[in-house]
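Student: Chains as they are written, first to last, in numbering that gives the first Met the number 0: chain E, 0 to 85; chain C, 0 to 383.
Every clue listed holds true.
Away from chain C, derived, C-beta distances all over 12 Å, residues of chain E:
id: 1; residue: R17
id: 2; residue: V20
id: 3; residue: P21
id: 4; residue: Q27
id: 5; residue: N59
id: 6; residue: S71
Only pairs whose alpha carbons sit at most 27 Å apart, straight line, appear in this in silico DSS-like list of lysine-lysine:
id: 7; chain 1: C; residue 1: K79; chain 2: C; residue 2: K19
id: 8; chain 1: C; residue 1: K19; chain 2: E; residue 2: K55
id: 9; chain 1: C; residue 1: K9; chain 2: C; residue 2: K79
id: 10; chain 1: C; residue 1: K82; chain 2: E; residue 2: K30
Short, incomplete list of chain E residues facing chain C, as computed with Cβ under 10 Å:
id: 11; residue: P5
id: 12; residue: P7
id: 13; residue: L8
id: 14; residue: Y11
id: 15; residue: P37
id: 16; residue: G38
id: 17; residue: R42
id: 18; residue: M43
id: 19; residue: I44
id: 20; residue: D45
id: 21; residue: D48
id: 22; residue: C49
id: 23; residue: H53
id: 24; residue: C80
id: 25; residue: A81
None of these hints come from the bench; they were simulated from the model. Ideal Cβ positions, reconstructed from N, Cα and C, are used throughout, including at glycine.
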Amino acid sequence: MRVHIPGPLRSYTRGAARVEVPGESVAQVLKELDGRFPGIRFRMIDEQDCVRTHMKVFVNTEQVHDLGRPLSAADEVIILCALSGG
Amino acid sequence: MARSGKSSAKDVLVMVGTRKGAWWLRSDGSRRKWSLTGPSFLGHIIYHIVLDPRDGKTLLMAARTGHLGPTMYRSTNLGKSWKEVERPPAFPKAPEGQKGRVVDHVFWLTPGHASEKNVWYAGTSPQGLFRSEDGGRNWEGVSGFNDNPNRSLWMYNDQDQTPDGGKMHSICVDQRDANHMYLSMSGGGTFESTDKGASWRPFNKGVAADFSPVPDPEFGQDPHHMALHPLRPDRLYQQNHCGIYRIDRPEERWTRIGMKMPKKIGDIGFPLVLHPRDPDMLWVFPMDGTSVWPRVSPGGKPAAYRSANGGKSWERQDKGLPTEQAWFTVKRQAMCSDNGEPLGLYFGTTSGEVWASRNEGGSWQCVARHLPHIYSVTSAEIER
Numbered sequence: 000m001r002v003h004i005p006g007p008l009r010s011y012t013r014g015a016a017r018v019e020v021p022g023e024s025v026a027q028v029l030k031e032l033d034g035r036f037p038g039i040r041f042r043m044i045d046e047q048d049c050v051r052t053h054m055k056v057f058v059n060t061e062q063v064h065d066l067g068r069p070l071s072a073a074d075e076v077i078i079l080c081a082l083s084g085g
Numbered sequence: 000m001a002r003s004g005k006s007s008a009k010d011v012l013v014m015v016g017t018r019k020g021a022w023w024l025r026s027d028g029s030r031r032k033w034s035l036t037g038p039s040f041l042g043h044i045i046y047h048i049v050l051d052p053r054d055g056k057t058l059l060m061a062a063r064t065g066h067l068g069p070t071m072y073r074s075t076n077l078g079k080s081w082k083e084v085e086r087p088p089a090f091p092k093a094p095e096g097q098k099g100r101v102v103d104h105v106f107w108l109t110p111g112h113a114s115e116k117n118v119w120y121a122g123t124s125p126q127g128l129f130r131s132e133d134g135g136r137n138w139e140g141v142s143g144f145n146d147n148p149n150r151s152l153w154m155y156n157d158q159d160q161t162p163d164g165g166k167m168h169s170i171c172v173d174q175r176d177a178n179h180m181y182l183s184m185s186g187g188g189t190f191e192s193t194d195k196g197a198s199w200r201p202f203n204k205g206v207a208a209d210f211s212p213v214p215d216p217e218f219g220q221d222p223h224h225m226a227l228h229p230l231r232p233d234r235l236y237q238q239n240h241c242g243i244y245r246i247d248r249p250e251e252r253w254t255r256i257g258m259k260m261p262k263k264i265g266d267i268g269f270p271l272v273l274h275p276r277d278p279d280m281l282w283v284f285p286m287d288g289t290s291v292w293p294r295v296s297p298g299g300k301p302a303a304y305r306s307a308n309g310g311k312s313w314e315r316q317d318k319g320l321p322t323e324q325a326w327f328t329v330k331r332q333a334m335c336s337d338n339g340e341p342l343g344l345y346f347g348t349t350s351g352e353v354w355a356s357r358n359e360g361g362s363w364q365c366v367a368r369h370l371p372h373i374y375s376v377t378s379a380e381i382e383r
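Based on the provided sequences and hints, a complete structural model is requested.
Tutor: Here it is in structure tokens:
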């Protein structure tokens with residue numbers, strides 16, 4: 000599964016903007032991602048398993064709130080930082 | 000109390016946490032010239048940087064960014080290199096169908112008792128107490144506080160807090176007894192534990208809460224900063240939303256020592272600094288707490304105020320500071336002392352300046368400017 004990593008999280012992926020991890024759901028992909036890049040999940044998903052306020056997770060072009068969302072092999076997971084700040 | 004002389008053989012490091020990263024000021028023991036380095040963690044909100052006095056080289060830094068969730072970084076070489084901790088503070092996952100709590104940021108860090116070398120405490124926003132037993136790498140909630148059935152009474156709900164979120168801060172460990180602790184919350188008040196955090200009781204008698212419809216409430220006050228004197232641990236001071244207070248245990252009632260401040264200045268502020276060798280000497284940095292609470296230097300004329308007698312009287316210390324049109328605020332972690340003789344004092348402003356005094360507040364020198372909004376200023380003595 001291809002996962003797109005936003006700039007603020009690339010310190011975890013040693014600069015990689017895209018990484019490949021296996022998973023049959025968004026939750027599994029994020030768990031795999033955290034196993035490979037420890038700490039990355041908690042920066043975007045809080046302890047109640049909710050996407051943090053200023054982070055967004057898309058599967059292809061669909062925004063996902065339920066981490067149980069199943070994935071097919073052709074899907075891409077896109078992690079975004081919301082347009083907010085100052 | 001007699002002051003012991005202090006050699007100036009070591010350098011002084013002043014660690015500056017800002018809304019956009021960390022910066023470092025360093026001077027030799029004379030504290031006349033300062034060099035500024037940084038930024039570290041550019042773009043991160045740095046709430047607190049604290050040295051472990053038990054080893055003199057481990058630093059913990061509480062951080063997050065605007066987008067990313069909270070975390071903490073750890074250095075074992077005084078900031079030369081950093082590593083993210085393995086498990087930052089987080090509340091437990093709530094059972095299905097229930098709403099769980101979420102740590103927005105780690106606000107406060109306190110090293111544990113000298114006899115518990117790897118213990119640290121962290122206070123979060125919203126208010127939660129966490130403990131690490133491995134030097135800050137992994138954190139667990141202190142159930143005696145976080146799961147206390149009275150917790151929601153003490154501090155209302157997470158959504159009812161101040162705009163930037165409720166804060167737990169001023170976690171104090173009595174160095175005579177690792178089981179004896181205090182902490183404060185904005186809002187919620189001050190609490191005491193005698194069983195290492197397994198249970199807590201409100202400790203607010205005498206502390207005003209003029210925003211509350213309840214006269215003299217048992218809890219719900221808004222302490223901004225509380226400190227326990229290291230040489231006289233039965234003496235505590237607090238800068239509160241409603242004044243400056245002192246207590247000498249076993250007293251149970253705080254005394255409002257801020258009533259001796261000049262009326263036109265008032266006794267509202269965020270920071271509080273104690274002289275490490277003189278339990279009667281302390282500093283505050285007043286802010287405007289009138290009308291809509293501008294929280295700026297009163298009249299645009301910033302000044303520290305010092306008491307040398309436990310708050311019986313206060314002396315204005317503004318030599319070198321701007322004399323007009325200076326409207327900054329000094330936040331609660333953003334003022335500290337070193338351990339020198341005479342004592343050095345440091346404060347950082349919301350407008351990104353760091354000011355230093357090497358004569359106990361007798362005069363001030365701006366040692367850094369144009370930094371981002373400053374949240375935290377702490378100091379350490381380090382080998383040259």
